[in-house]
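At the far end of the sequence shown sits residue 413, using this note's numbering, and the numbering has no gaps.
These are calculated hints, taken from the structure and not from any lab test. You may find that some hints are simply not true.
[Said to hold, decoys possible] In silico DSBU-like cross-links for lysine-lysine, where the CA-CA straight-line distance does not exceed 35 angstroms:
1) 192 with 44
2) 356 with 124
3) 36 with 192
4) 356 with 44
[To be verified] Derived Cβ-Cβ restraints for the label pairs, each shown as a range:
5) 109 with 411: 25 to 31 angstroms
6) 405 with 23: 50 to 56 angstroms
7) 44 with 329: 28 to 34 angstroms
8) 255 with 71: 41 to 47 angstroms
9) 47 with 97: 27 to 33 angstroms
10) 115 with 169: 37 to 43 angstroms
Glycine included, every Cβ here is placed at the ideal spot set by N, Cα and C.
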Amino acid sequence: MHSGIVLFLGMARRGEFESLQRRGLPLGILVDTNNKQRLCDVSKFVVVERFDFSRPLDELVAAVRGIQQRLGIACLYNVNELYVAQTARVAEALELPGVRPDSARLSLDKSVMRRRFQERIGPKSSARFSVIDSEDGLMTFANEVGYPVFLQPSNVSASMWSTRNNSAEMLLASYRTMRSEVPQHYQDLGQKAQRLTVVAAEYMEGRNISIDCVADHGGQVYTTPPVDVLTGQDVGIDDFHHFARLLPSRLSADEQAELARLAAAGMQALDLTTCAAHVEFIGSRLGEIAARPGGNRPRILELAYGIDALHAYYQVLVGEVPDLRPAHQRAAAIVTPFPARNGILRSVQHLDRLAKLPGYLYHEVRGQPGQRVGLARSGFRAPLYIELLADDADEVRRSVDLIASWSDLYVLE
1 MHSGIVLFLG MARRGEFESL QRRGLPLGIL VDTNNKQRLC DVSKFVVVER
51 FDFSRPLDEL VAAVRGIQQR LGIACLYNVN ELYVAQTARV AEALELPGVR
101 PDSARLSLDK SVMRRRFQER IGPKSSARFS VIDSEDGLMT FANEVGYPVF
151 LQPSNVSASM WSTRNNSAEM LLASYRTMRS EVPQHYQDLG QKAQRLTVVA
201 AEYMEGRNIS IDCVADHGGQ VYTTPPVDVL TGQDVGIDDF HHFARLLPSR
251 LSADEQAELA RLAAAGMQAL DLTTCAAHVE FIGSRLGEIA ARPGGNRPRI
301 LELAYGIDAL HAYYQVLVGE VPDLRPAHQR AAAIVTPFPA RNGILRSVQH
351 LDRLAKLPGY LYHEVRGQPG QRVGLARSGF RAPLYIELLA DDADEVRRSV
401 DLIASWSDLY VLE
């Protein structure tokens, strides 16, 4: 075991630390006081401290240095999009292993990222796009590529404020909403220096697939099996939230191999090393790459294959060869149903029915009565989290389809 603790920066949630704990690695966390997400069970962590991550970087470095001097730090560990840049800069300042700050910045700017893909992999590797700074510029781009136009902020996660726009009226409305609401989202997260960048892109047809990877110090990329993703669009809701993640993938072996090759090429195009990464595809083209584990991906990989992606991330950070070998193969899904509209949550129905579904393993209600809930395009997260696990992949997919059919799952005001 390497000396020092594994220090999480910002936040950690259920499913993002347990395998490290089971392996006996000493864990610590510096919690961002601005983050309102539910913190994981930190009762067995060696150290739990809190810090306002909106403070200047040198103060964050000093806070981490204090922990380093008391306990030693084997590596900094980040599982959240919000802390990619800060983790990289703190690691550099304290000479700890991690992704380089310039590569972290590339992964956080979707416009620069796609330009890299097209320059280093090929012009058809990702969608045509443009950074938008005015309504006139938006209309010019739309007239060049045609409708529908995909619009999203450059630097948020979980498909928040991402929209498919079929007309000029829809596109302008989405753009104005984003300009109005996203800056407040940054303020709510304590990211006071963050500035909104809007990216418009041609709308790509095709299945949504993701692959998680780790890259070692030398840039060699190790990939996990692809995960099939159902979005709100796939279940009849005009939104791009991830409704369900499913394993095993329905892709052929050749298709899986080609996407693994493209995932590695995408990471190398961004010069990503010494990190975990989450790669998203639309059909056979790169969507985007995030320099951290994908949301819920370590958990579903563990359920379906016994793959310990969290430990593989730790291994590349401390200079070991990562082990991503599967231990078994089962069928799994993680489902996060969103409401079909925005509103005030009054109750969640059918929880008794949920527990009787084939393959049901676990669920967690994350939305509270009286809380405002809604679509990812409006900046919301799912009020319900569900895990399914079975030996039969068709059984799991049937249960996912049943959940999607419950149009009255949420009672809203």
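Name the hints, by number, that the structure is in violation of. 2, 5, 6, 9, 10
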